[in-house]
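Participant: Sequence:
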Amino acid sequence: MKEYNSTFSSAAKHNNISSTQAEAIFDDYVNIPRQTLPRVICIDEIYSKTSRKNKYSCLLLDFETSNLIDVIINRRKTTLLNYFEKIPKSERENVEYVSMDLYETYRSVVKLRLPKAKVCADPFHVIKNYNEALDKVRKRVMNKFPKKSVEYYLLKKFNWTLFKDEVRENESKWNKKLHRYINYPQILDLILGISDELRTAYYLKSDYVYFNKHSNLENAENDLWKHIEEMKKSNIQEILKLKKTLINWSQEIINSFTFIDGRRITNGIMESKNGIAKEIKNNAKGYKNFLRYRNRCLYCMNKTTKPNYAGSHKSIRMKGWPRGRYKKNK
1 MKEYNSTFSS
11 AAKHNNISST
21 QAEAIFDDYV
31 NIPRQTLPRV
41 ICIDEIYSKT
51 SRKNKYSCLL
61 LDFETSNLID
71 VIINRRKTTL
81 LNYFEKIPKS
91 ERENVEYVSM
101 DLYETYRSVV
111 KLRLPKAKVC
121 ADPFHVIKNY
131 NEALDKVRKR
141 VMNKFPKKSV
151 EYYLLKKFNW
161 TLFKDEVREN
171 ESKWNKKLHR
181 YINYPQILDL
191 ILGISDELRT
201 AYYLKSDYVY
211 FNKHSNLENA
221 ENDLWKHIEE
231 MKKSNIQEIL
241 KLKKTLINWS
251 QEIINSFTFI
261 DGRRITNGIM
271 ESKNGIAKEI
281 KNNAKGYKNF
291 LRYRNRCLYC
301 MNKTTKPNYA
311 GSHKSIRMKG
321 WPRGRYKKNK
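Positions 1 to 330 (the working numbering) are the ones given, in order, by the sequence shown.
Treat the hints as calculated values from the structure; they're not laboratory data.
It cannot be assumed that every hint is accurate.
As the list claims (entries may be wrong) - Listed next, the in silico SDA-like pairs over lysine to any residue satisfying Cα-Cα at most 25 Å (straight line):
no., residue 1, residue 2
1, LYS243, PHE257
2, LYS288, ARG76
3, LYS241, SER108
4, LYS176, THR200
5, LYS53, TYR287
6, LYS49, SER19
7, LYS128, ILE228
8, LYS136, PHE163
9, LYS89, SER66
10, LYS288, ASP28
11, LYS157, THR200
12, LYS49, PHE84
13, LYS244, ASP101
14, LYS281, ASN15
What the hints assert, rightly or not - Cβ pair distances, simulated, as ranges:
no., residue 1, residue 2, range
15, ARG39, TYR103, 17 to 27 Å
16, SER272, TRP174, 34 to 44 Å
17, THR304, LYS164, 37 to 47 Å
18, SER9, LYS173, 45 to 55 Å
19, LYS306, ALA24, 13 to 23 Å
20, ASN94, PRO185, 25 to 35 Å
21, TYR210, LYS111, 25 to 35 Å
All C-beta atoms, glycine included, are put in the ideal place defined by N, C-alpha and C.
Using the sequences and the accompanying hints, generate a full structural model.
Facilitator: So this is what it looks like as structure tokens:
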């Protein structure tokens, strides 16, 4: 069960026991405690749906070691506040940075329970929000044209060119709709020529991507506010809405330019862990027992984690519904 693509059914078949027995053995010997809070934490959620009320589980990751610290049953504010409240204050005060997406609940929980930690907005999620705003502009512009028009065709079929950091030169190919040989950079030029709003939104997004790659902690504040001023001038509704988000998270975006041991603080490392957590859930066709799912994630993702060979006398088996009255037919 150390391999994340294994299942209790496959382990049971291999050892000639029932899957229920395999689950019971795992529960007895794999009950993993929370790891000590490190100085840099990555926090994110995964769709686990361990019950009707708990659709998303919250993952805590050590940025420096890539070890999974813990899995929390849901991402609700009350749950997270109670979770961190139970951890000694001295341990919580050792946390220096917390990387997260732009989820307000996480930020408020950190401010209340990890007061000495600086919040870092994950750069990937900020750019993701920018791409979503740009895509809304694209769709709005596209829907102004007839579906058989060249403009609609370009905005529909080649929309991906707007979201690439760089559209590289390729060999020109014959395009039936355009009646000409054309390559991808030329297609992008045609798309940007369709609408002034779309072109402005595209160049603003490109400017932010450049800022994200080339700015630093010393210049980030000045560079970010220059960009926000440019967003104000655009007068594009989708961009103005995004501007409010960047202002709201401005300090966290600036904090994200912090480097630890030569690496910028991001949630990028969390993506692979999320993928493993999803595989564990999907291979088992879902988990109804959250504690078993939590132990499985911690056991699979942390290489140094070993079973407790002494065994555990504390059962994590879920209680079923009480059996109703039964009358035997005569």
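Participant: If a hint holds in the structure, say so; if it doesn't, say that too.
Facilitator: How the hints compare with the structure:
With a C-alpha separation of about 19 Å, the suggested pair LYS243 and PHE257 falls inside the 25 Å cut-off, and the hint holds. The suggested pairing of LYS288 with ARG76 holds, with an alpha-carbon distance near 19 Å, which does not exceed 25 Å. Proposed proximity of LYS241 and SER108 is supported: the alpha carbons are some 22 Å apart, at most 25 Å. Proposed proximity of LYS176 and THR200 is contradicted: the alpha carbons are some 29 Å apart, above 25 Å.
Our distance criterion of 25 Å between C-alpha atoms is met by LYS53 and TYR287, whose separation comes to about 14 Å. Between the alpha carbons of LYS49 and SER19 the distance comes to roughly 21 Å, so the proposed pair stays at or under 25 Å and holds. With a C-alpha separation of about 17 Å, the suggested pair LYS128 and ILE228 falls inside the 25 Å cut-off, and the hint holds. Straight-line distance between C-alpha atoms of LYS136 and PHE163 comes to about 12 Å, which keeps the hinted pair within the 25 Å bound.
Distance restraint check for LYS89 and SER66: the Cα-Cα separation of roughly 23 Å lies within the 25 Å cut-off, and the hinted pair is therefore satisfied. Straight-line distance between C-alpha atoms of LYS288 and ASP28 comes to about 18 Å, which keeps the hinted pair within the 25 Å bound. For the suggested pair LYS157 and THR200, the alpha carbons sit about 20 Å apart, so the restraint of at most 25 Å is met. Distance check on the hinted pair: LYS49 and PHE84 sit about 22 Å apart at the alpha-carbon level, within 25 Å; holds.
A hinted pair counts as satisfied when its Cα atoms are at most 25 Å apart, and LYS244 with ASP101 qualifies at roughly 16 Å. Of the pairs offered as hints, the one joining LYS281 and ASN15 holds, with about 22 Å between alpha carbons and a cut-off of 25 Å not exceeded. Restraint check, ARG39 to TYR103: a C-beta distance of roughly 22 Å satisfies the suggested window 17 to 27 Å. Between SER272 and TRP174 the Cβ separation comes to about 41 Å, which falls inside the hinted range of 34 to 44 Å.
The hinted window of 37 to 47 Å between THR304 and LYS164 holds, with their beta carbons roughly 40 Å apart. Judged by the Cβ atoms, the range 45 to 55 Å given for SER9 and LYS173 holds: they are separated by roughly 49 Å. The beta-carbon spacing between LYS306 and ALA24, approximately 19 Å, falls within the hinted interval of 13 to 23 Å. The hint said 25 to 35 Å for the Cβ distance between ASN94 and PRO185, and at roughly 50 Å that hint is violated.
Hint check: TYR210 to LYS111, Cβ distance near 31 Å, so the stated range 25 to 35 Å holds.
In this structure, the hints that do not hold are numbers 4, 20, in rising order.
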